[in-house]
Amino acid sequence: MTFEWIKIPQSLLTLFIVLNYGLLLTALVQKIAARAGRRHGIPIWQNYVDLLKNYGLRTNITHGVMYYLGPVFRLSGGVGLLLFVPTIYGSEMFSNLSFAGDLILALYFIFFGTLGMALGAGESGHPHAAIGVSRGLSQVTAAELPLALAVFSVALQYHTLSVTDIVAAQQGGVAHWTLVTNPLAVVAGMFSFLGSMMRSPFDVVLAPQEIPIGPPTEYHSSYLALMQTNRAIFPVAKMVIYMNLFFGGASSWAEFCLKIFLIYMVSALVGVVFPRFRVEQSIRWFLTWAVPVGVAAILLV
Amino acid sequence: MVRHLAAGLLTIGLALAFAALVLGYQPDAELNRTALYYAENTAKDLGSQNIVTAIVVTYRGLDTLGEVTVLFLAAAIVGLILAPGRGAEGAGRRGAPPPGELLTTGSRMLTPLILITGIYVFVNGHLTPGGGFQGGAILASAALLVLLADPGHRFAHRTIETIEGVSGVAYVAVGLLGLAFAGGFLDNRFLPTGRFGALLSAGAIPVIYTLIGLKVGAEFASILANLTETEERR
Amino acid sequence: MQQDDVVEPRVPVKDELKKRTVKGPDGFEFEVDPIHDYYCDARPEVRPGSYLKIVEDLFNWARSESLWILGFGTGCGAIEMRPLMTPRFDAYRYGIQWRPTPRQANLFVISGYLSVKTLKRVIRSYEQMQNPKYVVGLGSCTVNGGMYWDSYNTIKKLDEYLPVDVYVTGCMPRPEALLAGFEELKRIIRAGKGEGANLYAKNFDWYKANQKRVIHDWDMPDYNW
Amino acid sequence: MITLSLAVGFALVLAGLYGALTNRNILRMIVSFTVADTGVNIVLVAVGWMRGRTAPILDDAVPIAEAAQRIIDPLPQALVLTAIVIGLGVTALMLAYAYRLYSTAGTLDVSKFTELKW
Amino acid sequence: MVSPLFILAIGLGAAFGVGLLDARSRGLAFAITLAGLAAMSAIGAEWLWAFVVDGVQPIMVMTAGAPPPFAINLRMGPAEAALVAIICLTGLLSAIQMREALLRLGRRAMAVLSIAVMALSGIVLTRDVFNLFVFFELVVIATGGLVLLSDDPRATAAGFKYLVVSQVASMLMLIGIVFVYHAGGSLNVDDLIGSPAVAAGGAAGLAFLLLMIALVLETKPFPANGWALDVYEAAHPGFGAIFSAASASAALYAVDKVVGVGGAAFLPMLTAIGLVTFVGANLLALSQTVDRRLLGYSSVAQVGLVLAVIGLRDLLGERYLMVAGGLLVAHAVAKAGLFWLSELVAGRDFAAWAALRRRPILIFAFATFVAMLAGLPPFPGFYAKWELTHALMAQGRPELVAAILVGALFEAGYLFRWFGRALKATPPEGVSDLPVSKVGVVVLTALGGWVLGEVWGAASPYGDVLGATPLLVALAFLALEPLSARIKNTLAIVVLVAAFASGWPHFDPLQLIFAAIVLLGGAVIFVASYAFADGRRTGFYPSAMLMYAGLAMLIVAKDTFGFFAAWEVLTIGSYFLILRGKQSEPHALSYVVFSLGGAFAILAGFALAAETTALFPIAGLKQVAAPFAPWVFVLLAVGFMTKTASIGLHIWLPGAHAEAETDVSPMVSGILLKAGLFGLFMLLMQMGRQSLYGVDLTLVLLWIGAASALLGNLMAVFQEDAKRLLAYSSIGQMGYAVFGLALMNHLGWLMALMFVINHYIYKSSLFLSVGGVYKRTGTREMYRMGGLITLMPLTFFAVLVGIVAMSGVPPLSGFGGRWIFYNAILDTPARLPMVVIFLSGPIAFLYLFRLIHTIFLGQLKDEHRRIREAPIWLIAPQMLYVAFLIGFALFPGLALRKVDAFISRFIPEHALNWDGLTITSAYGYWNPVSIMIVIVVIFVTLLAWLVFLNRRAQMVKQFNIVFAAERPYRPETTHFAWNFFAPYRRALGPLTEPYFERFWQAQTDALHGWAGFARRFYTGDGQVYAFQVVGFVVIVCWAAMGMTP
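Chains as they are written, first to last, in this note's numbering: chain A, 17 to 317; chain B, 93 to 326; chain C, 4 to 228; chain D, 8 to 125; chain E, 40 to 1084.
Think of the hints as simulated: they come from the structure by calculation, not from any bench. Predicted, not measured: the structure shown is a model, and the values here were computed from it. Hints are not guaranteed to be accurate.
As the list claims (entries may be wrong) - Between beta-carbon pairs, the in silico distance windows are:
1) E:PRO467 with D:LYS119: 41 to 49 Å
2) E:LEU483 with D:ASP66: 37 to 45 Å
3) D:ALA22 with B:THR220: 27 to 35 Å
4) E:ALA1045 with C:THR24: 51 to 59 Å
5) E:ALA1045 with D:LYS119: 32 to 40 Å
Stated by the list, open to error - Heads up, incomplete: computed chain C residues facing chain E, CB under 10 Å, no partners named:
6) ASP18
7) LEU20
8) LYS26
9) GLY27
10) PRO28
11) TYR42
12) CYS43
13) PHE75
14) GLY78
15) PRO105
16) VAL125
17) GLN131
18) LYS205
19) LYS215
20) ARG216
Ideal Cβ placement from N, Cα and C applies to all residues, glycine included.
With the sequences and hints as input, model every part of the structure.
In structure tokens form, the structure reads like this:
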């Protein structure tokens, strides 16, 4: 197999676009939420400033090797996830590195960062970090279930695990979207989406004042900057998957931006409406509401 | 009460089985082939007048050897059981009144007669009813008489054991002689069968019966002695 | 002020912090000195900014526009900080937000009087923040003790113990004053004068001596990384 | 006649067994067994008995030639001899055991010897 | 040829002759007794040799010079010779064991012993019913005497009870005999067999029934056997051996001899009594704690089994002798050996048997006897069991097979519990010398057992287990025991590698993969054993090699017999291995009980499949016809799933794996579990889909696999013990593999194979890592550890790679497994089990993270501050595994392509498409090399950048954490580790309860409770025993009269 070196700059371009979009998007959503509360909210560029500041801190400490590797794993996970999935349908340029693997790869790669982050947080030796990890892992394992079910419902529906093929099957109007053709899977998938966005009601993992923001308690300066970068990329990368699976994918960057924004707004809306769940409540919620929907999606496809 | 009831029930259960046996019993009109063989061939082959004796000593000699062994075993084990508790010699006699003159003399007079009777019975076993066991038992009754008359009497265990052992070994040896010189183990015909009905006839049957008689007598005596001596001590 | 610089703690050290003999799984016995073995005892260093002034200016601008306040209310003034988050004052629009952990915060607001007991915690938290870091003294008590000027257990002058960038006086100052103080701090930072952390490192011995003079049960390493 | 003796024999057997099952006293049990033994022996002899015949001894009363018609079955008689002796041996042994048991435990109640169980 | 009569004559002569001696010359008397017994044994052995080797015809020995029906005659044939030899040898050896007692009691006792042996021989030899009675009475009386040899004061009462019962039996026998004589006109067995009167039933039949019952009573039928148990418990063990081995053999032979008279109508009665005895006695034995009484129960049970076999003689046809003989011989040798062993043990509880540990050879003997009793290869009982089940199945008597196997399982249960206790208890204080002569007797007996195993093997038409090279090699390690462990370890590695090299060209791809894991993988794990190779490490190498031998034989087995024998061999080997752990006794027990239960299921399955007793090739499973096929499938699958620890059958695994030694855990986890998978592979390849009552059995398997995966993963999450965690994870992993197999599609099988390889690697690696940590920290409780990363970096690295691989996260090899897995399940119509297995997937992250976090991250504890990295011998294999994980992740095709092609032979559709480096299925695609490159590039870039940014970072220590302005005081209270996933447990609530453990616990409790309750039936009252005997007689009488006309 010959590797097309042009893939590298193309991927980096995708990465660049998504990074900026992600930084702006999170700020925008925060701003919208602030406006809903009659506040001005943060400046739209605030994320850039924070990022810059964190990179610019003069001292930092380290707890050990895994402490280093934690953020690296995390960001690798985000970047990798983004690059293993085609971003823009029909565009060879923005199909990224999706030749390496299909949907399964993406699904499992989600855990790459989670695992690494958990390890880094563990190395810091902070009990709150460990508590946060315990909560986070417990919750994410429950939240992943409906997604896995939904994904397989979709894969069964389209008889393929290739993201590109799934998107291709949804072309030709809203009526062909999975949202319409397989609504149960979409509902299950979106339930899972809510759980994985670390927003209320599923944000007990970070619980800022109880266990000072959980796993990243000890992280700061450039470590934190790396993680902030990831916080811009990773949700978008995940949403790309949702978009591709359920909402017909995107054939242009404009469509991409719009759809991602709307998908993000779902979790933002839910987040401002509902109060926080405890971990066992959220796990039970996923098991009693989301999973049955997913099962139904699989059985009825 | 429950025990009696259960025992009664079980007994009845068994009784029903036995009743089936009794009711199903048909007496033979003729001798069956085994008995017929004995009736027809005993005299001719073994030269014994008493068919039962012939069967006991020869045809079913192995049974009899076993029987003697049973007694030997019983004697040995009784000795074994009672041996650990046996006190020192002469420790007994406590409280037992001394035998009277009449008793002593009477038993002394009777003993030889009993012995002779016993010997007669087993020596003539092949001719008349009786035999080694009966004779042996009579011999032992002499010992019993002595003990009854004088509970403190002590038998020479060594002698008894020697008689017991020698007669036992001799019995086995006679059996082996049969194996070597006649038709098989315990075959009596390695000695001449002699004249039918005479004392010295029927081959080795009298010899065997004598040995049996001695052995049985010795063993009974030994058991009796062991039991009495233990009794003494109490 | 006492004349002798007593460094030795005058209160007995807690049992957990005393040296102890421990037996390893293989039966080997050795001594554990918690203060030394469990804490890093390096001293802080002065860390200058970038070589390039333009880069440093950029960073200073970013620092000024991204003030992350440590969520640690040391005294009564903490109550004045809460309204800043409300729609009325909305400090977020100035890039100000609260962080629950000193690792991620770079602004420490000493909100009001500071008892000696709290000072120890304040020092620990301050030292756990990363360079550059800023201190705002809120209320008169941080300036001269205020109404607690003759109290036996509050400190009088905050800047003897920590390098203070801005004082906001009043008892208590209104949130508006606090916002004004933050704006002032931003100006200081942008001007490249918010070097409290380096100051602290440079005059480390002096600060430590001052701190230990009032904190009698000093049972921690000199610098809390 | 023969049924009667068989019945008597079996009755003794059953009586002996009943006695052995209901009497706690070891000596009584032993006696019961001897009763039962006797019953068995009677049964044994009875089985060999035949109407109108005589003992299997070939003396003047029973010529050899007529033996087959004149004598009863000799085999059970031989068997019963053995059985009697064996029964005797066992009885002696049991008596010795009874003695030993009494001397160790001071009782002859069979239900007291239950150290070994389950 | 010496006439067999001399056996009797010598016995009597010695007895009478000894009486002639002076009471004090006891030594001479003892010498004479021994000489007599030796001569009797010699005659028996000579005849046996003549029959077996020279092919002499059986002879009839006449006495009294008259032909048989009229005079007593004896028969000497092969069976008689064998039994007489056993009886006399038992007598001889027991005499040696009872030396002190005999010398103390004097010549009378010796005479009694001689007579007892003589009479037992007489029972065997005689062909006359009444003579049989005489010999029986001799035995009864002699027993009454020999019981008194015991030091135990309770023996007298036991002897009396025995006499009471014997009285009843002898009366019945006499009555029976005389009526039979009346009906048949003869006392000769051979003569009576021809006589129609008895077989016709009626009064004669009833008489014969009484005779039979009396004879059966001598075999101590359940429940009329309390007296026998008391005798076993109280008697001198030397006599116990005679009572168990010799008396029982003689009684059984008497039954066998006489039952022909009554004809076939009486056989079912024997079978019924025998089986009830076998199952009942074994059940009651479960609650026994006194060794000799336990042996008594076991004897009763074994004899019952042989009795049942006698009842089945017509079914067994010409194999009858081998079956009955095999069972009887195994019982006799083992039971005699065990009784003799009990002489060497001071206490009467199981723990006292720990005294044997001072002489490893005695442990070897003990193991031999237990294995013989349990019917394990290569002992005669194994062949007998095999033939018996086959014959019964062939005759359509599965209910009998079930009863026999259930009873055998009970028996194995208590035997192995006893063995385990003996091996793991602390030896009692106060070393008393074990006399050489007594030890010698025991060892000789054990060796005799092996010889008999070879005899039965040679005679078996199926094959000789002892002739298998792997087994011989493993046994050779027994001989090597005196060598130092390092040498043995090296030898073991060499042997395994050589075995693989020599077998290499003959394997098909499937076998190749399993062989590579077993042999090469085993060799790699042995490298770790160097870390423990101080001294001799007695017992480890024979056990391990036994397991490997079994596995090697399993892989190459061609027929069901070879397969089953290998299965049993590996079970024993692994049992011994597991038992070596410090606390592993209860777990080893449940392992062996489950394994044997599974093995019995397999046995029954094979027997059902074979139909005729012919040698049945494994490939023949394909042709099994319709009504049986699903049952065969079910039985075999259940059997195999005990090894894969599928849900419900899993409870042995966590403890067994967790408590095993450090280098044993990977052996039993990484390698042993694969035996079950291999079996399932074999099963599914041969039999394919089966359905029972309309249920697709593969669907059931699918559910089981999915449920196991869920359960294993879920339980692993809540473990505090690192090895238990790994063990539960194995259950989950095996569940995946079973699931994959049961998918019955191409990719499912491929995925199962991938799991086979992967699971071996990462589980072995993780067990070694955890073992290394355990070695250093002395604990397996994870929350007691923490922060070991800096002290044990290599171990940490191995664990990290291991868990990344295991969780299936790209880029390591676990992902390949998952990818194939998901592609495979897309092909299946069974969606619900698929959902279940989805549920279990992410849970793995929880426990894997827990494993690495709690041990290596977090707070280092005081006492661990000075520990070192694990020994190099433990690290080396882990690094090898790491390298392999990465290599396998990059190039899975190296192993899988061939297998892919191989599977295509069975399921051609949906094979993978190996296009260059990309692997394509019907649904998706996957390019391992690209994935690896992409991830590594991203990772390294980011890492380099971060390292650059943090070039001046201050390294801090463990308490330098923000702690809400406070600070931690002790690492213990700062390490968040215990009950790590508490919220998860709260959320799942009842799902996390160990239902299966409770279920099996309830079963065993119920069994023990039953046994404990039911055995109160044996009140110890002689009269009650008499009641029971009479009751038994009455019931059997009436039952039999109801059955026969």
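Are there hints from earlier that the structure breaks, and if so, what are their numbers? 1, 2, 14, 18, 19, 20
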